[in-house]
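Colleague: Chains as they are written, first to last, in my numbering: chain A, 1 to 245; chain B, 1 to 211.
Since the hints were derived computationally from the structure, they do not count as laboratory data.
Hints may be right or wrong, so weigh each one.
Stated by the list, open to error - Under the rule of at most 20 angstroms between Cα atoms (straight-line distance), these lysine to aspartate or glutamate pairs were calculated in the EDC-like manner:
1. B:Lys130 x A:Glu143
2. B:Lys130 x A:Glu192
3. B:Lys82 x B:Asp190
4. B:Lys72 x A:Asp137
5. B:Lys72 x A:Glu143
6. B:Lys12 x A:Asp137
7. B:Lys12 x A:Glu143
Said to hold, decoys possible - For the chain B half of the interface with chain A, some residues (derived, Cβ under 7 angstroms), not all of them:
8. Gly58
9. Tyr61
10. Ser62
11. Phe65
12. Thr66
13. Met69
14. Leu73
15. Gln126
16. Leu127
17. Lys130
18. Asp190
Please read these numbers as outputs of a predicted model, since none were measured by experiment.
Glycine included, C-beta positions come from ideal geometry on N, C-alpha and C.
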Amino acid sequence: MIQHLEQHLDDDLSLPELAEVASFSPCHFHRVFRALTGEGVAEHVRRLRLERAAARLHNTSRSVLEIALEAGYQAHESFTRAFEAAFHTSPSHYRTERSSVAPSMATLGDQPETAAHIELIGPLSVIRLRHVGPYSDVGQTFERLAAWVGAHGLFGPWTQGLGISYDDPEVTPPERLRYDAAFTVPRAIPGEGEIQGLDLPARDYATAIHKGPYSGLTVAYAGLMRWCCGTGMDRYPMLRRWSST
Amino acid sequence: MKTNAARAPIAKLDLYQTNKAEYATPRKPVLLRIAKATYLGIAGRGTPGGEAFQQAMGALYSVAFTIKMASKLAGRDYGVSKPEGLWWVDSGGSFKTEPKDKWSWRLLIRTPDFIGKRELEAARRQLAEKGKGPLVNEVELTTLNENQCVQMLHTGPYDREPETILQMEAFAAEQGYRFDGLHHEIYLSDPRRVAPERLRTILRIPVRRVN
Chain A
1 MIQHLEQHLD DDLSLPELAE VASFSPCHFH RVFRALTGEG VAEHVRRLRL
51 ERAAARLHNT SRSVLEIALE AGYQAHESFT RAFEAAFHTS PSHYRTERSS
101 VAPSMATLGD QPETAAHIEL IGPLSVIRLR HVGPYSDVGQ TFERLAAWVG
151 AHGLFGPWTQ GLGISYDDPE VTPPERLRYD AAFTVPRAIP GEGEIQGLDL
201 PARDYATAIH KGPYSGLTVA YAGLMRWCCG TGMDRYPMLR RWSST
Chain B
1 MKTNAARAPI AKLDLYQTNK AEYATPRKPV LLRIAKATYL GIAGRGTPGG
51 EAFQQAMGAL YSVAFTIKMA SKLAGRDYGV SKPEGLWWVD SGGSFKTEPK
101 DKWSWRLLIR TPDFIGKREL EAARRQLAEK GKGPLVNEVE LTTLNENQCV
151 QMLHTGPYDR EPETILQMEA FAAEQGYRFD GLHHEIYLSD PRRVAPERLR
201 TILRIPVRRV N
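Chain A extracted, bound-state conformation:
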């Protein structure tokens, strides 16, 4: 259900519709949702849309109005108000503040393998386990998933460990960061409970290889985002961070 919400963030999501997808009554659904996530449904949707807008302000040069409309606001003013309430700074100020500290692609290193390029990846089947919270705690999630995958004999020469992160850690507060620990599997697998299969269609990804300590990843990733925007990609890519095993 959470996945449905994430994929349909731009649609007019209404509580009754969402509840139907989850096969609950709207009232019950709202209670369950809040119990699981700590947020009401509307609150969750609003926050995700605003955070995505913040990331776009930070990473693209599109107009504030365009970003506001994409975030579901009818006008510049209402968006600015909501944005200021969440981030304590105006959208344009947020943009200028962030841009001045963003690293350029040049810091990624001079080895040819690290150069950014577009790569077609997929289709891929993965098995994943959702983690919400600071990235430093992701290890335990991987361990639980690995135990399940190992027990089901799904490790093999095809195996790649992946981390899929859905939020920009510069925008989203740490306790709300969403991340899937994942392993590639040889064919689509149904999963069990919180461990879910996920099929990723073939699509273009901006890709760069980062070699070195994990501590350098944030800088490398920011550099890649800049490159994306520099190439004039007009569709803001879904934020996914892959780290492979």
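Following the hints, position chain B against chain A.
Modeller: Showing chain B alone in chain A's frame:
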């Protein structure tokens, strides 16, 4: 269980980089000295790619990845190496005379030296907790001390290996050596994904001086 945040993770160990020379893929046979190395392995008998073989490979990978994940969490990540195999024929016959279902093998995955019995037993416990079959208990830590070897890249179907082996044998003889050890293969290609003509396999056979 908290992740060990106090110790910053070292950059991931790549055994192929640290032991580059040993994974050379020469198109003509070469003589190499292969240092002592640790492997996870499981022995068995039967047709390559057959039922028993695949089950064993599955158990080997389950253990290899479970150990790797635990090591990664403890701050020492490394890449799981490509599969390898040692091959022999028990009866005293040869690969030429014995049918494939009588071939013996030990499937191997090279593992860093810092992985020991403790890590193996922890992995077994973890897999047992999840109801994994008894086969994982047959995966053992092995040390190979191959020393002087002849090594060559074989391209193409496995069935054409005899031609490559003949070349290796001739080369060894020229250098004053003869075969003395188990046939060892390193599977660079996944036969499920790669067409037989494009398979790349390293063949390695220990040798010793002819007196």
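Colleague: All hints, please: hold or fail.
Modeller: Verification of the supplied hints:
Distance hint between Lys130 (chain B) and Glu143 (chain A) is fulfilled; the C-alpha atoms sit about 13 angstroms from each other, no more than 20 angstroms. Only pairs whose Cα atoms come within 20 angstroms are accepted, and Lys130 (chain B) paired with Glu192 (chain A) is accepted, the gap being roughly 13 angstroms. About 9 angstroms separates the Cα atoms of Lys82 (chain B) and Asp190 (chain B), which keeps this hinted pair within 20 angstroms; it holds. The straight-line distance between the Cα atoms of Lys72 (chain B) and Asp137 (chain A) is roughly 13 angstroms, inside the 20 angstroms bound, and the hint therefore holds.
Under the criterion of a C-alpha separation no larger than 20 angstroms, the hint pairing Lys72 (chain B) with Glu143 (chain A) is consistent with the structure, at around 10 angstroms. Restraint check for Lys12 (chain B) and Asp137 (chain A): satisfied, since their Cα atoms lie roughly 19 angstroms apart, inside the 20 angstroms limit. Between Lys12 (chain B) and Glu143 (chain A) the alpha-carbon distance is near 17 angstroms, which keeps this suggested pair within the 20 angstroms criterion. The interface hint given for Gly58 (chain B) is met, as the beta carbon of that residue sits about 4 angstroms from the closest beta carbon of chain A, less than 7 angstroms.
For Tyr61 (chain B), the interface hint holds, since its Cβ comes within 7 angstroms of a Cβ in chain A; the closest pair sits about 4 angstroms apart. Of the supplied interface hints, the one on Ser62 (chain B) holds, with its beta-carbon coming within about 4 angstroms of a beta-carbon of chain A, less than 7 angstroms. For Phe65 (chain B), the interface hint holds, since its Cβ comes within 7 angstroms of a Cβ in chain A; the closest pair sits about 4 angstroms apart. Against a cut-off of 7 angstroms between C-beta atoms, the interface hint on Thr66 (chain B) holds, since the closest Cβ of chain A lies about 5 angstroms away.
Because the beta carbon of Met69 (chain B) sits about 4 angstroms from the nearest beta carbon in chain A, less than 7 angstroms, this interface hint is met. Because the smallest distance between the Cβ of Leu73 (chain B) and any Cβ of chain A comes to about 5 angstroms, under 7 angstroms, the interface hint for this residue holds. At its closest, the beta carbon of Gln126 (chain B) sits 5 angstroms from a beta carbon of chain A; the interface hint therefore holds under the 7 angstroms criterion. Satisfaction of the interface hint for Leu127 (chain B) is found here, the shortest Cβ-Cβ separation to chain A being roughly 5 angstroms, below the 7 angstroms cut-off.
For Lys130 (chain B), the interface hint holds, the least distance from its beta-carbon to any beta-carbon of chain A being 3 angstroms, beneath 7 angstroms. Given hint, Asp190 (chain B) at the interface with chain A, holds; its Cβ is 5 angstroms from that chain's nearest Cβ, closer than 7 angstroms.
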